[in-house]
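K.L.:
Now for the letters of each chain:
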Amino acid sequence: MSSFSIIVQGAPYSSQAASSALNFSKAALESGHSIYRVFFYQDGAHNASSLVVPPQDEINLPKSWQALINTHKLDAVVCIASALKRGIVDANETDRYALPASNILEGFTIGGLGLWLDATLNSDRVLNFAP
Amino acid sequence: MISEPQKNRWLFVTTRSPWTTSSAASCMDMVMTAAIFDQKVTLVFCNDGVYQLLAGQNGKACGIKTLAHQIPALELYGVEHIYVEQSALEERGLQERDLIQPVTPLPYGQIQSLIAESLAVFVF
Chain D
1 MSSFSIIVQG
11 APYSSQAASS
21 ALNFSKAALE
31 SGHSIYRVFF
41 YQDGAHNASS
51 LVVPPQDEIN
61 LPKSWQALIN
71 THKLDAVVCI
81 ASALKRGIVD
91 ANETDRYALP
101 ASNILEGFTI
111 GGLGLWLDAT
121 LNSDRVLNFA
131 P
Chain G
1 MISEPQKNRW
11 LFVTTRSPWT
21 TSSAASCMDM
31 VMTAAIFDQK
41 VTLVFCNDGV
51 YQLLAGQNGK
61 ACGIKTLAHQ
71 IPALELYGVE
81 HIYVEQSALE
91 ERGLQERDLI
101 QPVTPLPYGQ
111 IQSLIAESLA
121 VFVF
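Residue numbers (my numbering), protein chains in the order written: chain D, 1 to 131; chain G, 1 to 124.
These are computed hints drawn from the structure, not numbers from a lab. Everything numeric in this text was worked out from a predicted model, so none of it was measured. Glycine is no exception: its CB is placed at the ideal position from the N, C-alpha and C atoms. A few of these clues could be false.
[Claimed, not checked] Below, computed lysine to aspartate or glutamate pairings styled on DMTMM-like, alpha-carbon distance capped at 25 Å: (1) Lys60(G) to Asp48(G); (2) Lys40(G) to Glu30(D); (3) Lys65(G) to Glu117(G); (4) Lys26(D) to Asp124(D); (5) Lys40(G) to Asp124(D); (6) Lys85(D) to Asp29(G).
[Said to hold, decoys possible] Label-pair distances were calculated between CB atoms; the ranges are: (7) Ile115(G) to Ser31(D): 23 to 29 Å; (8) Ser14(D) to Thr66(G): 25 to 31 Å; (9) Ile100(G) to Lys26(D): 27 to 33 Å; (10) Glu58(D) to Thr20(G): 38 to 44 Å; (11) Ser113(G) to Ser20(D): 26 to 32 Å; (12) Lys60(G) to Lys85(D): 41 to 47 Å; (13) Tyr97(D) to Trp19(G): 15 to 21 Å; (14) Asn122(D) to Ala116(G): 35 to 41 Å; (15) Pro54(D) to Glu117(G): 28 to 34 Å.
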């Protein structure tokens, strides 16, 4: 059995990247592999938004990620530079920058690129899902 | 041309032009991070990624940081293995004198070997 880390660089719905990453992660876990970390980078940060409302007949990708993260207690990190640029903030960043609200989904955390580096060093494989 | 074993190196392949998407900049951020944390890094410019190496770029007019200004700093960060896909330059009518600094050209086959031999490969 292998340990994987996943980099997600695509925004939900704009490309297949986020959806493929989610499906791969599910398949890997169902096959008994482990996921060391999911790292959301660049437009991938939008997957952590709690404000996404797709039409009723489409999958809610951020909530699907959240369900997977919580079920398997995954370490899900959003790159801080990517997140702040795109308006994805947690309570700490809301305080720091005096913003009117925070919007990150519970289950996701915000962190630096050092955590991507750590994931690459400590996983058997790193898969990069980019648009 | 490839002077030392690649098996402990992280390979970054950057394939997009610097102005159309944030792909080139996000690759550079990861390259810098890996180098700062003492990883051995190899960077290859392929396809439209070779445009990142053009001299005389200035993003001021469109309000974007000029990525090309970071390239000469790569060596200071410890990124000493920088290559450019030879045929990508030729296909775009570019020559070494058009580039911001001398970069070792590699034929396609050697880039394939780099990919096969590296510890980790990140394609942007």
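K.L.:
Within 15 to 21 Å: is that where the Cβ-Cβ distance between Tyr97(D) and Trp19(G) falls?
P.N.:
Violated, at about 28 Å.
K.L.:
Please verify whether Lys60(G) and Asp48(G) have alpha carbons no more than 25 Å apart.
P.N.:
holds, 21 Å
K.L.:
Is the hinted range of 26 to 32 Å satisfied by the C-beta distance from Ser113(G) to Ser20(D)?
P.N.:
For Ser20(D) against Ser113(G), whose Cβ atoms are near 28 Å apart, the range 26 to 32 Å holds.
K.L.:
Given the hint that Lys40(G) pairs with Glu30(D), does the C-alpha gap stay at or below 25 Å?
P.N.:
Measuring from Cα to Cα gives roughly 34 Å; hence the hint is violated.
K.L.:
Between Lys26(D) and Asp124(D), is the straight-line Cα distance small enough, at 25 Å or below?
P.N.:
holds, 17 Å
K.L.:
Quick check on a hinted range of 35 to 41 Å for Asn122(D) and Ala116(G), using CB atoms only.
P.N.:
Taking Cβ atoms as reference, Asn122(D) and Ala116(G) lie about 23 Å apart, which means the hint is violated.
K.L.:
Return holds or violated for the Cβ distance of Glu58(D) and Thr20(G) against the range 38 to 44 Å.
P.N.:
Roughly 28 Å apart at Cβ, these two residues miss the hinted range, so it is violated.
K.L.:
Does Asp29(G) lie within 25 Å of Lys85(D) when you go C-alpha to C-alpha?
P.N.:
It holds: about 14 Å lies between the C-alpha atoms, which stays within 25 Å.
K.L.:
Does the hinted range 28 to 34 Å hold for Pro54(D) and Glu117(G) at CB?
P.N.:
Once the Cβ atoms are compared, 42 Å apart, the range 28 to 34 Å for Glu117(G) and Pro54(D) is violated.
K.L.:
Are Ser14(D) and Thr66(G) spaced within 25 to 31 Å by their CB atoms?
P.N.:
Holds - the Cβ-Cβ distance for Ser14(D) and Thr66(G), about 26 Å, lies within 25 to 31 Å.
K.L.:
Please test the hint of 41 to 47 Å on the beta carbon pair from Lys60(G) and Lys85(D).
P.N.:
At 19 Å between Cβs, range violated.
K.L.:
Does the Cβ distance between Ile115(G) and Ser31(D) fall inside 23 to 29 Å?
P.N.:
holds, 26 Å
When each numbered hint is compared with the structure, violations occur for hints 2, 3, 9, 10, 12, 13, 14, 15.
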